Structures are given as C-alpha cells and as structure tokens.
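**Q** Spelled out from the first residue to the last, the chains are:
There are 4 protein chains.
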Amino acid sequence: MSCYNSTVIPAPIDKVWAKLRDFHDMSWASGVIESCDAGNKLPGTQIGAKRVLNNAFHETLLALDDQNRVVRYSIDDGPEAVSSDNVSGYVGEVQVFPVTDGNQTFVLWTSSWEDSGGGVAEFCDPIYKALLDALKKHFS
Amino acid sequence: MSCYNSTVIPAPIDKVWAKLRDFHDMSWASGVIESCDAGNKLPGTQIGAKRVLNNAFHETLLALDDQNRVVRYSIDDGPEAVSSDNVSGYVGEVQVFPVTDGNQTFVLWTSSWEDSGGGVAEFCDPIYKALLDALKKHFS
Amino acid sequence: MSCYNSTVIPAPIDKVWAKLRDFHDMSWASGVIESCDAGNKLPGTQIGAKRVLNNAFHETLLALDDQNRVVRYSIDDGPEAVSSDNVSGYVGEVQVFPVTDGNQTFVLWTSSWEDSGGGVAEFCDPIYKALLDALKKHFS
Amino acid sequence: MSCYNSTVIPAPIDKVWAKLRDFHDMSWASGVIESCDAGNKLPGTQIGAKRVLNNAFHETLLALDDQNRVVRYSIDDGPEAVSSDNVSGYVGEVQVFPVTDGNQTFVLWTSSWEDSGGGVAEFCDPIYKALLDALKKHFS
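Going down the list, the sequences are from chains A, X, F and B.
Take the first sequence: its position 91, counted from the start at 1, is 91 in our numbering, and no numbers get skipped.
Take the second sequence: its position 81, counted from the start at 1, is 81 in our numbering, and no numbers get skipped.
Take the third sequence: its position 121, counted from the start at 1, is 121 in our numbering, and no numbers get skipped.
Take the fourth sequence: its position 24, counted from the start at 1, is 24 in our numbering, and no numbers get skipped.
Hints are computed from structural coordinates only; laboratory data are not their basis.
Heads up, some of the hints might be wrong.
Because identical chains share one entry, a pair is satisfied inside a single copy or across any pair of copies.
Taking lysine-lysine and the DSS-like style, the derived pairs with C-alpha atoms no more than 25 Å apart in a straight line are [said to hold, decoys possible]:
| id | residue 1 | residue 2 |
| --- | --- | --- |
| 1 | K137 | K41 |
| 2 | K15 | K137 |
| 3 | K136 | K19 |
| 4 | K136 | K41 |
| 5 | K129 | K41 |
| 6 | K50 | K129 |
| 7 | K19 | K129 |
| 8 | K19 | K41 |
| 9 | K19 | K137 |
| 10 | K19 | K50 |
Here the structure is a predicted model, which means the values were calculated and not measured.
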C-alpha cells in the first residue's frame, strides 16, 4: 500500500533541497500547512526530531541524506485515516533529483504503510498533491 | 567518477519504459546511434545480452528491473576515453520515474567507473546529452 | 506489510549467486520445492519469465541484477494466503552480499505486498525459513 | 574505485546499530581509533556533524537512516592516501542488516571516491578490516 506523487519545480536543486531538508521548516507549504510545531528539542536536521503539523499530524524524522537528497519520516498519529487506530508503520519519503537539461528539480513524494483499516491512500494523495503544488508556487 | 544527466520527456512512463527496457532497441536514438548489433544471441531483456553500438561501443546488460524501471549495463570496450585501455569498471544506468502531475516521465542517465586514465566524463557527457535529446525528440 | 528473513551461507558468493540468479533452477531447494515448471518460454534470466512452484505458486521474474546480485519476482497467484483473492501486489526479493572476512555469503529474502485479507506473513515466513535452511544445507 | 568489507557480529541488530548510529561515539573501536574529537558543535546524529579521528581523519556526517540502518560520511582530509591532495569525493558508508536465523548482525562497510592519485584502496582496506575486527571484539 503506497502513495506516489511527483512534479518538476522550476528552480535549481540546491535551493529546493535547502528548503526540504529542514524538518522544522514548512514555510514553503503555505495554504496547506498552517502550523509546524516542534515535538521535541531536536533541530530539524537531527534524526529523531519530532514535529506536529496543523496540530494534528505527529511525525518523526527517520532519515536525512544530504548526498542523495532524501528525507524520510514516520507519521506516528494523525487525523482520520492516518490515526494510529487506523494505520501502522506509515512512512513518507521525499527525494529530489536535478533535471540537468533545464536547471530544474524533480521532486518525488512517496509513502507506504504496514497495515491499515483502509482509506489511507484516498486521504493522503490529495494532501501530497497540495503540498507539491505549494512547493511549485513557492519557487515560481 | 561519474556522469549525471537527466531530462523530462513529454510522454507517459509506460511508453518511455517500453522503449528503454529493450537493450537491442535503439530506434529512438536516431542521429546518435547509427547501428545497434547484437553481440550474442540473448534477447534484449535477458541479463547478459551484449550489443555493439556504432560498431564501436561493446556493452553488456547487467540488470533490468521492470518494477523500478531501471536498466544497467557495462561498457566493456569502446572508442577513445572509454576504451578498455583507458577505463575499467564502466557502468551506465538509466532509470525512469513518472511525473504524476503532468503525465510525463523523468529520465535519469548516470554512469560511473572504477578507474581511468582520465577524460571519461568529458567524452561521455555530450553523448548522454545527445541521447536524452534524441529520446525527447522521439516522444515529442 | 512485509516479511524479512536472512541467513549466512558457508560458501563464496559466486557459487551462491550462480544458483539463485536462474529463476528456473530450484534444485537447491530440495524438500521445500518439489517441482518448478516454466510458465512461459522465457529462460530464467530473462525479465518476464514465469514459473510455477509445487503446481501452486505462479510467479513472474520482475528484476535481475548481476551487479548488486538481486532477483525480484511477483507471486501472481498461489495457495491460501497468497491466492490472488487474498493478496495483491505481492513481490519477493532475494539479495546476496559477500561476507568478506570469512568467504561466506549473507542472504536476505524479503517480501512485501500492497493489500491483503490478512495472514500473509504468517503463511509466508515459515516458507522463507525453510528455503533458507535448504539453501544452507545445499552449500554445507 | 571502492572498498568493500563486511562481517557478521554475534549480537542483535539493535545493540549494534545503537553504537554505530552515533557519529561521535567510536568507543567500540578501541585499538584502532585512539581519539574522536568533535569538529563542530552538532551532535552525532545531526547531519553535518564533523569529527576528527586520531587527530588525522576529518569527516562529516552526510546521511543517517534509522529505518534502513545506514550511516554515510565524507572524509574531507586525512593522512597519506586520503589526504585532500590525493583523493576527492571520498564517501564511506556503514549499513547493518539483521541475520534473522541467529539473532546476529551483518555489517557492511563500503567506500568510494570520485578521483585520486592512487593507493586509496590499499590504504583504507586494512583500516576497515581492523574496524570490523574491533566491532566484533566489542560485541563478543
């Protein structure tokens, strides 16, 4: 079970990655993420950092890779289909790649989960689409 | 030591991957690859298949992945900087990803090698750029 | 949802990989796999090759990688928990790594699936354990 | 150009990973690493953390992955063959996997580099062997 969403951002990869690599910076996601609060004292590039998005999504940074430009996190609890009652083992991943023939950036946002009571992809896919749209707008 | 080239193709991923997955089909590369001859009797989706491009590049299929859409091959011998006298352990890789917000395809063509007498990236990068341009033209 | 089983085989990696890379050769799995019939005419190193194990498990080769020594396949239909009625998107993967300080081989057999009516890991894990035991016995 | 060294550690993966994931903790490497000094103020699980080993090897944490249990770092400068005069783009990676049939841990220590004046593998391989031996001793 998984989600797969991707887009091309009209900005060089270094600028896009600089924004995406900090788990505590959701400033690029205006209109989608209204609040991003720290859930512990770890900075946003330290593995184990926790954040709470929109007072609802509780997430933990699992992996950060400055070489391959990957960030991976768990959703530990959240609203509706991503509540801990409905889903287990939810992991999201963002990876970016340079589009070399146009100085642009390919952004891939995927997620998967171990088990669920259903409805997870239907709930999450529109959120990822909105996030990628916001990222595109931020860099346009 | 490595090459990294990428582009976005205005065609759905299934069509692009159907072309790229067959090691013996370089029909999409017109203007760059003039001839593609089989180097052994294995079909182009069998690991170990060999091909000779432009009577000069001798290549072997190392890996094919229909799930993640990856093809990987070695250059065993070739002209100038990719001759077996100058370079060892040369491996090229093509991977494609769907761009979901536009029904397009991100194509990533990378290569690396173990050791060389120099000049490999300078020789290969323009070829990969020409190949990606030809692929784009083929699907436009 | 996934299975994860692994072992160390007291044999050099080239011998182990030579056995595992051929999708139509289950001769090493005696006592577990009684029959391995081809499901189409493709050889066991050609992507798309099909096999039927024990007249019950219908599988397709998805990926073969002679460089990183990975084979990946789908279970398209099978008995009980892996029937196409109960599970969808079932993919198994075998990867081997050299244990350099002892000329041995680490074998990793994992699987995952998109959706199921349950019971898949409980059904599959003992099979993978039996397969890894058979492989160990074969090379001991 | 690359190094590849691996071993099996007679300890469960959680204990081994807990030691290896902290970039500032080389306490397990006694006899090989005499000193491990912080090169900046970042903790050992924050990407970008710097360390100096044996007053000689200057390294930066590039990636940490608590899900797949990978740590990756660069050697920015060091003695002899890994001096910045002789090698560029040097990256080391440690990954651990559970050996499920014996509650042990497979440890894979690899490295690669972009370019060099030679002698890098010859210099580094014995160090990795010594490190893996020390790790084994630590957990025996």
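**Q** Tell me, in ascending order, the numbers of any earlier hints that this structure violates.
**A** As far as the earlier hints go, 1, 4, 5 are violated by this structure, in ascending order.
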